[in-house]
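S.K.: Sequence:
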Amino acid sequence: MKQYIDTNRARWNELVSIHSQSDFYGVKDFLMGRSTLKSIERQELPNVQGKRLLHLQCHFGLDSLSWARRGAKVTGVDLSDKAIELAKELNTQAGMDAQFVCSDIFSLPTVLDDEFDIVFTSYGVLCWLENLNEWAKIIYRYLKPGGTFYIVEEHPLTNVFDVAEDGELKQRYSYFSDGNPLYWESKRSYTGDIQEVKNAGSYQWDHTLADIFASILSSGLNVDQFHEFPYCMYNKYPGLMEKQEEYWWLKQNHQIPLLFSLKAVKPLSR
1 MKQYIDTNRA
11 RWNELVSIHS
21 QSDFYGVKDF
31 LMGRSTLKSI
41 ERQELPNVQG
51 KRLLHLQCHF
61 GLDSLSWARR
71 GAKVTGVDLS
81 DKAIELAKEL
91 NTQAGMDAQF
101 VCSDIFSLPT
111 VLDDEFDIVF
121 TSYGVLCWLE
131 NLNEWAKIIY
141 RYLKPGGTFY
151 IVEEHPLTNV
161 FDVAEDGELK
171 QRYSYFSDGN
181 PLYWESKRSY
191 TGDIQEVKNA
201 GSYQWDHTLA
211 DIFASILSSG
221 LNVDQFHEFP
231 YCMYNKYPGL
241 MEKQEEYWWL
251 KQNHQIPLLF
261 SLKAVKPLSR
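In terms of the UniProt record's numbering, the sequence shown opens at residue 1 and continues consecutively.
Derived pair list, reagent style EDC-like, types lysine to aspartate or glutamate, alpha-carbon separation capped at 20 Å: (1) 73 with 114; (2) 73 with 85; (3) 263 with 117; (4) 73 with 89; (5) 243 with 41; (6) 263 with 228; (7) 88 with 104; (8) 243 with 168; (9) 243 with 153; (10) 28 with 193; (11) 51 with 117; (12) 73 with 117; (13) 251 with 168; (14) 73 with 41; (15) 2 with 134; (16) 137 with 117; (17) 236 with 23; (18) 38 with 228; (19) 88 with 14.
Label pairs and their calculated CB-CB ranges: (20) 223 with 170: 29 to 35 Å; (21) 234 with 198: 22 to 28 Å; (22) 193 with 223: 35 to 41 Å; (23) 238 with 198: 22 to 28 Å; (24) 213 with 242: 27 to 33 Å.
Because the hints were derived from the structure by calculation, they are not lab data.
Being a predicted model, the structure only gives us computed values, none of them experimental.
Where a beta carbon is used, it is the ideal one built from N, C-alpha and C, also for glycine.
Modelling step: build the complete structure from the supplied sequences, incorporating the hints.
M.R.: What follows is the structure, encoded as structure tokens:
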């Protein structure tokens with residue numbers, strides 16, 4: 001696992017400088033008061049005032065700090081030391097009092113001993129996790145009894161499709177995984193910026209909806225809510241999508257789930 005984490009950390013460390021200047025993230029707008037939270041999570045987690053919130057895989061903290069602006073007492077976690085450095089700088093610039101911890105999720109219990117009302121994670125996070133069962137156990141460990149876990153994420157079905165040479169959306173990959181990581185190389189970011197990185201490689205894992213549900217349920221959490229959405233937070237299939245307000249939709253009324261959200265609760269007693 002260490003090889004995978006080290007490789008991914010090197011790539012994410014390099015991406016931080018690109019993302020901090022990217023219109024995709026809009027750091028300047030954030031510092032002027034814009035929230036980076038999407039309407040899905042704002043509507044499904046409407047009341048965070050005074051709640052202690054743990055944000056897993058927070059990148060450089062824009063969503064973490066957006067939750068803090070809504071009144072949450074936030075701790076953000078990311079494996080990239082460069083991302084955490086920037087998160088702390090933005091925290092100071094924005095006049096917030098969020099906390100940030102540099103750690104991969106599986107090592108987090110060695111550096112953070114606390115409990116939270118909410119554990120939150122979002123958008124492009126599960127593919128970086130080798131073991132969802134351990135992930136869910138860590139979420140359970142950090143929640144107070146009665147606390148809420150919330151995730152909004154790309155739907156696993158989206159990993160099956162790609163844009164074919166004829167410009168149509170077609171199945172290219174298997175939905176099911178053998179558990180081994182997929183090694184990808186890309187010198188550019190998903191943000192569409194033209195700058196290139198030297199650390200082009202990354203290790204990623206596919207997980208089915210069944211994998212996600214099974215890991216959460218086996219941890220002891222009770223699933224309280226599950227939703228699917230026919231839109232995405234970025235232009236996942238170039239040439240086949242159009243932006244409407246804050247989300248990207250497939251053209252020609254293609255209706256497949258592109259995002260999902262899930263809310264689970266830790267029982268008061270077990």
